[in-house]
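Using the hints provided, position chain B relative to the given structure of chain A.
Chains as they are written, first to last, in our numbering: chain A, 176 to 583; chain B, 176 to 583.
Any given hint could be a false lead.
One copy or two, it doesn't matter: identical chains are merged, so the pair holds either way.
What the hints assert, rightly or not - In silico lysine-lysine, DSBU-like type, Cα no more than 35 Å apart, as pairs:
1) K347 with K239
2) K239 with K465
3) K203 with K576
4) K465 with K203
Hint data in this document are derived by calculation from the structure and do not stem from the laboratory.
There are 2 protein chains.
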Amino acid sequence: MSDFQWIENGSVTATPGFLASGVTAGFKRSGAPDFAMIFSETPCNFSGAFTSCTFAAAPVQLCKNRVLNAPFIRAAVINSGNANACTGHTGLANAQRTAELAAVRLGITPDEVVVSSTGRIGVQMPMDLIAHGIDLGAAALSADGGENAVKAIMTTDTVPKAAAVKLELQGKTVTIGAMTKGAGMIDPGMKVPHATMLCYITTDVKADNALLAEMLTSNVNDSFNRITVDGDMSTNDTTIIMANGLSGVELKSGTPDAAAFRNALLAVMQNLARRMVLDGEGATKFVTVKIEKARSEADAKVLAESVANSLLCKTAWFGGDPNWGRVVAALGYSGAEFDPDKTNIWYDDQPVVRDGGDAGTPETSLLGIMKQREFTIRIEMNEGSAGYWVWTCDVSYEYVKINADYHT
Amino acid sequence: MSDFQWIENGSVTATPGFLASGVTAGFKRSGAPDFAMIFSETPCNFSGAFTSCTFAAAPVQLCKNRVLNAPFIRAAVINSGNANACTGHTGLANAQRTAELAAVRLGITPDEVVVSSTGRIGVQMPMDLIAHGIDLGAAALSADGGENAVKAIMTTDTVPKAAAVKLELQGKTVTIGAMTKGAGMIDPGMKVPHATMLCYITTDVKADNALLAEMLTSNVNDSFNRITVDGDMSTNDTTIIMANGLSGVELKSGTPDAAAFRNALLAVMQNLARRMVLDGEGATKFVTVKIEKARSEADAKVLAESVANSLLCKTAWFGGDPNWGRVVAALGYSGAEFDPDKTNIWYDDQPVVRDGGDAGTPETSLLGIMKQREFTIRIEMNEGSAGYWVWTCDVSYEYVKINADYHT
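The following block holds chain A by itself, in its conformation from the complex:
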């Protein structure tokens, strides 16, 4: 299923026909890059998935409108440092104005521009900085600008997160490039991606908007919706896919080619999702929580997320404490119905709970697992045949420090 190759240092500009840039417009007091643009030389089919937060930010509302009404897009404008969320009609007008300014500068129409923002909530967007960013960003657009673009969308991220793959379809090469940001305010389990996470994906395949939506939704559910850092969802989460068709490869729903493409796209999205957790605010551990043999996938999901979001589990992982009592407590209060006497739990390959009680593995055998950067908690409910997994991380002093000090 891995009929694709990773492109080293790949990003959104790995895909032919896409230019990008990342510049300093002045949103961040630190002077770090804070403004990114993506530009396609030709019109792109596209789709998007967005936060389900009731307080969806103005740029999210603009993007949703594009997905519903625009046949294609050509550009994306992204700033970090200000979320343009809870900014009312002025905020919406500012997002729309951002699209207009970019359109004028790029010689396209406002409907061909999508906008994303991440950063502090509740502050009106300084439109002079937006105008400045568009001037600088448009001038800096280049076919190797992906690396700068991904740096410009970081907030509390400690490393830029971009990836690209290529695969052969119909005798031609198809490319998928992507960049993402997100380290905190990250929680799974919604219909759409969420967390202060932004993800932009470029590809040169030809696919209509409906097929792109179908693939994006399905893959988001198996990638970004599987990760949780802190159980908090953001107002601004956005994933956009843009497909310019330049490869000459056309995909139709239900074909093996579409399946191969979706598989490669999932690999890119899972790669980025994983790296978001690894870069989770203050995270020192990457933990896979895997539920098996549950009554239903809904139950399995509730159980997995209850453990993954338990503050007591997360702090125990930080402390390297093999204490499974907190894991069973989190299963027990999850709301899922099950017989606790049938529950088995493993840390990696070591049994820790057997039939709802201590499996007898000496704690010394478990301490080594808990010290690893990564481990898996596998939980067998023995209630049915459904499963679900999530990726999460621990909660450390550093998490508290970052979030007690940082003004979002």
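Below, chain B without anything else, positioned relative to chain A:
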């Protein structure tokens, strides 16, 4: 509505006819007191409310059985340092054996004894220590032993939490005494109390078990179920009320006397609930989250708990950050449906959000509120007339430290 008086340094032994003790049986490596007993000189009507965690600990199962089947009880045996949870049939047999040992020592029957445990999950109870504790505890029972008893049930609590009130009914004096423990693994929103919280209440009123159950359930929903420290619920949560009838005051459901008694009982339970939050693991702030004008109480509850359990809100409170963006984000992802443009928010008396956007209060006016030990976040949804409130606290470095180091 406060036709009662607080009894200074009151505890479970403030009520005539009740003896108590707190001794060191050896469960805690520190040598701190870890074993408490309550004994009533006469049979007591009683009721209880318990964790809804699927992995209910063995002593919880024993107590539930007493509530269902025993007409009265006379004694409670409580240990800290071992939860007797996830211990299977052996654990149940050990809880039953604990009741038997206590019954023999006290000259009553096992069915007259309830048992509670708090501490590490998944370790079989060292029954030699139980036997030792019962010997010491029974010998130490005294009419002023309440103070020792409350100290013996502490785990990560930093202060003992007991209270008592007296009130006049039918020309006679009625007393309510109570003790509680709980500082972490505390979360609201269940049908019953939860958190690793134990609460024992004594009173000398005469009331049948059905009326006691009615009053306890209603009051638990307005006290212990309103508090959250970390969103984690425990396997062992127990609240027991014992009524020996010695005051000669008999209560009937629906009478003004029953209402006055319930009101005084609620005051005791809210006092203890408040102090559990103030003593929350590592807590530096006490925060009331109050939802007003919601569509339904269920909505108001979901909204209040979403804010109270948001790790991003809790760390912002720790940092003294007036950042309301995290509050609206938590409302927005709560799952409740509402129009975000109608939301108003106040920190104490200062407006921070008006119609879903910045209310314009300068941050300097808010910093003073955030520095207080206590403040209220009042949120007006303008969607209906329902409300709900919860009490919660911040999450600090100390919370992480306590829970990364502590073996529950």
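Here's how the hints hold up against the structure:
| no. | hint | verdict |
| --- | --- | --- |
| 1 | K347 with K239 | within (32 Å within a copy, 68 Å between copies) |
| 2 | K239 with K465 | both (33 Å within a copy, 32 Å between copies) |
| 3 | K203 with K576 | both (19 Å within a copy, 32 Å between copies) |
| 4 | K465 with K203 | between (39 Å within a copy, 34 Å between copies) |
Every hint from the earlier list agrees with this structure, and none is contradicted.
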